[in-house]
Amino acid sequence: MAKRIEATNVSAYYGGFKAIENITLTVEPKTVTALIGPSGCGKSTFLRSINRMHEVLPGARVEGNLTIDNQDIYDRDVDVTAVRRMIGMVFQRPNPFPTMSIFENVVAGLRLNGVKKKSILEEAAERALRSANLWDEVKDRLGKPGAGLSGGQQQRLCIARTIAVEPQVVLMDEPCSALDPISTLAIEDLMFQLKDQFTIVIVTHNMQQAARVSDRTAFFSIEKTGDPGRLIEYDNTQKIFSNPSVKKTEDYITGRFG
Amino acid sequence: MSTTVTTHRPRPTAQPTTLRARRLPRYAAPLIALAALLVAAGIVYGTGIGGPVLVVVVAALLYLAGLFAAANAVEGRRAARNRTWSALIHSAFVLAVLPLASVVWTLVSKGVERLDGNFFGTSMNNIGARDPNGGAYHAIVGTLEQVGIATLITVPLGILCAIYVVEYGRGRFSFAIRFFVDVMTGIPSIVSGLFVLAFWVLIVSPMVNDGRPGFSGFAAALALSVLMLPTVVRSTEEMLRLVPAPLREGAYALGVPKWKTILRVVLPTALPGIVTGVMLAIARAAGETAPVLLVAGGGAAINVNPFENNQSSLALFVYQQAGDASKYSPARAWTAALTLVALVLVLTIAAKLLARRNRLGR
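If you read the sequences in order, they're chains W and H.
Sequential numbering of the first sequence, starting at 1, is according to the UniProt record's numbering.
Sequential numbering of the second sequence, starting at 1, is according to the UniProt record's numbering.
Just so you know, these hints were derived from the structure itself, not from any lab.
Careful: at least some of the hints might be erroneous.
Claimed, not checked - Straight-line alpha carbon distances no greater than 20 Å define the calculated EDC-like cross-link-like pairs of lysine to aspartate or glutamate that follow: (1) W/Lys3 with W/Asp235; (2) H/Lys327 with H/Glu113; (3) W/Lys239 with W/Glu28; (4) W/Lys30 with W/Glu6; (5) H/Lys260 with W/Asp79; (6) H/Lys258 with W/Glu55; (7) H/Lys258 with W/Asp79; (8) H/Lys260 with W/Glu55; (9) H/Lys258 with W/Asp77; (10) W/Lys18 with W/Glu63; (11) W/Lys3 with W/Asp72.
Unchecked claim - Computed list of chain H residues with no C-beta within reach of chain W, every gap over 10 Å: (12) Pro16; (13) Pro132; (14) Leu160; (15) Val208.
Unchecked claim - Listing some non-contacts, in silico: residues in chain H with all C-beta distances to chain W over 10 Å: (16) Arg26; (17) Ala33; (18) Gly66; (19) Arg81; (20) Ala96; (21) Val166; (22) Met207; (23) Tyr252; (24) Asn303; (25) Asn305; (26) Asn310; (27) Ser326; (28) Leu345; (29) Leu353.
Cβ coordinates follow ideal geometry from the N, Cα and C atoms, glycine included.
Let's have the full structure, built from the sequences with the hints guiding it.
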């Protein structure tokens, strides 16, 4: 199920502005990889280039080579929607579809991709909601609007929506930054469970969170504002947080800069 | 305050010593209003310069001045300004509602005279100047058909146009569309009527019509479409832009194609606003007289076929009856006007309810 992502010399631009430069790293299957670094260092940009969400913005483009199990994500013949179905994404702010019920939100990915059979949808919804630890809280009100849930529940709803399409990889862009500690804990627990099935890449500003949930950690940084973000160090999480090999990483994780 | 303050000399600050402030008593405002009214009546009737309207105006001004003075003396300058501005804003609201209430009252009081079955069941065919009967059946049919056809043309076209501009359009072409839609907004209705008269009635339809000009309800619908289109495009555009980008991205991230995202996520989210825009356009079109007069020609008889021969409409009916010499026609005009307003109102409410039903109940 889970797949390996390899990035080689990936650079991303917003119009004329180069946001990240020559990022090379490999994300192993069935692991949680955390991307950390100061604001504006291109973590989210890199994350968004993995499932081709970067190019949604006008003028944005990506250079370099990104593969998922040796298939080029940016090949000319690649269907963008297929990439995004294979590599799901959870956003910083919960964004359930406001016109849809909880049930419809969860199965939106399936339904809008042509799955019509009710029994399949119901089964998938229950499975996804159970995986997202949300089933017990919402099973009695599946027909209610998704926007009526609390922030943490909404975020878990968005995770359920993402895993309902059974992707190989789940990208999370600061999924807990808008949530309280309890909801954050729920989502971190969830990540532990999900990495049995999926490859997870998470962007976070919270270093404790990176240390808690991830197997591997990539530290991104910029020289100064306006410079492109670069990958400074990429290693096992334990190594990064106990004995980083680059001084800058140490400065950042000990809070001396950034 | 913090406990680490070390200096004992009190520094001059803006800190108040107490949170309580003197307030005007509750009965002050009504009392001032009453006094203002009495003084105004005294001035106006005493000098004999006007009637009750002037009394109200003078009283309002006196009330504002009195309120400011009283509040200034008791509560201080900030509170006085607050009170005066609140009063001004409330007066502005009353001023804005007055014409509306007046219109509604005039329509209902004058329109009720002919509000009978006969009015809604008959046309003006063979109704002479001395005949108190006659109705607007033909005009209602005309309005419904013309506005209906115009809506059928405009809504898909306008929404697709707005989707193009917001979701797909890049660069000059999209800019040009937006520019010309803005220009279209300013087209006077008579010009759109003349355009359809010249283009459709006198050039296109004679080709299929043995050379006879094709006055018809459909031609009126075309002219109304020209008027409705910019309203629909602009309001839909605004509503689509209001749909947050994360919703679109959420759908893209599920591997949903762009067109489906627009159709199933963006449009439903923007629907209530789009419906409002469409209803505004419909209301505007239903009230148009000039284009209908030019290209549908009006007519006293019932004609349910919008593609052939003259048709009337409610607005045109009002115009014709109001200018008619018969002593029975003004009543018919008022009732038709009332009907028109009621029709638009009912349509608006129905559309709003439909749009709301589409969203989820809490």
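Hint check results:
Restraint check: the Cα-Cα separation between W/Lys3 and W/Asp235 comes to about 19 Å, which is no more than 20 Å; the hinted pair holds. The hinted pair formed by H/Lys327 and H/Glu113 meets the criterion: a straight-line CA distance of about 13 Å does not exceed 20 Å. Restraint check: the Cα-Cα separation between W/Lys239 and W/Glu28 comes to about 17 Å, which is no more than 20 Å; the hinted pair holds. Restraint check for W/Lys30 and W/Glu6: the C-alpha separation of about 14 Å stays at or below 20 Å, so the hint holds.
Distance hint between H/Lys260 and W/Asp79 is fulfilled; the C-alpha atoms sit about 15 Å from each other, no more than 20 Å. For the hint linking H/Lys258 to W/Glu55, the alpha-carbon distance of about 13 Å falls within 20 Å, and the restraint holds. For the given pair, H/Lys258 sits about 12 Å from W/Asp79 by alpha-carbon distance, which is consistent with the 20 Å threshold. Distance restraint check for H/Lys260 and W/Glu55: the Cα-Cα separation of roughly 18 Å lies within the 20 Å cut-off, and the hinted pair is therefore satisfied.
Restraint check for H/Lys258 and W/Asp77: satisfied, since their Cα atoms lie roughly 18 Å apart, inside the 20 Å limit. Annotation: proposed proximity of W/Lys18 to W/Glu63 holds, straight-line Cα distance about 10 Å (limit 20 Å). For the given pair, W/Lys3 sits about 13 Å from W/Asp72 by alpha-carbon distance, which is consistent with the 20 Å threshold. Every Cβ of chain W is farther than 10 Å from the Cβ of H/Pro16; the closest lies at roughly 36 Å, confirming the non-interface assignment.
With a least CB separation of 53 Å from chain W, H/Pro132 remains clear of the 10 Å interface cut-off, as annotated. The beta carbon of H/Leu160 sits about 20 Å from the closest Cβ of chain W, which is more than 10 Å, so the claim that it is off the interface holds. With a cut of 10 Å on Cβ distances, H/Val208 stays outside the contact zone with chain W, its closest approach being about 44 Å. For H/Arg26, the requirement that its beta carbon stay farther than 10 Å from each beta carbon of chain W is met, with the minimum near 40 Å.
Annotated as non-interface, H/Ala33 keeps its C-beta farther than 10 Å from every C-beta of chain W; the closest such distance is 45 Å. Every CB of chain W lies more than 10 Å from the CB of H/Gly66, the least distance being 49 Å, so the non-interface label holds. Separation of H/Arg81 from chain W is adequate, the least Cβ-Cβ distance of about 40 Å exceeding the 10 Å criterion. No beta-carbon of chain W is positioned within 10 Å of the beta-carbon of H/Ala96; the least distance is around 32 Å.
Every Cβ of chain W is farther than 10 Å from the Cβ of H/Val166; the closest lies at roughly 12 Å, confirming the non-interface assignment. Non-interface status of H/Met207 relative to chain W is upheld: no Cβ of that chain comes within 10 Å, the nearest being about 45 Å off. Not every beta carbon of chain W lies more than 10 Å from that of H/Tyr252, the smallest distance being close to 6 Å; the non-interface claim is violated. With a closest Cβ-Cβ approach of about 42 Å to chain W, H/Asn303 is found to remain outside the 10 Å limit, as its non-interface label requires.
With a least CB separation of 40 Å from chain W, H/Asn305 remains clear of the 10 Å interface cut-off, as annotated. A cut-off of 10 Å between C-beta atoms confirms that H/Asn310 is not in contact with chain W; the least separation is 44 Å. Separation of H/Ser326 from chain W is adequate, the least Cβ-Cβ distance of about 54 Å exceeding the 10 Å criterion. For H/Leu345, the shortest C-beta to C-beta distance to chain W comes to about 27 Å, beyond the 10 Å cut-off, and the non-interface label holds.
Against chain W, the non-interface label of H/Leu353 holds: every CB pair exceeds 10 Å, the least being about 16 Å.
The structure fails hint 23 only (numbered hints given earlier).
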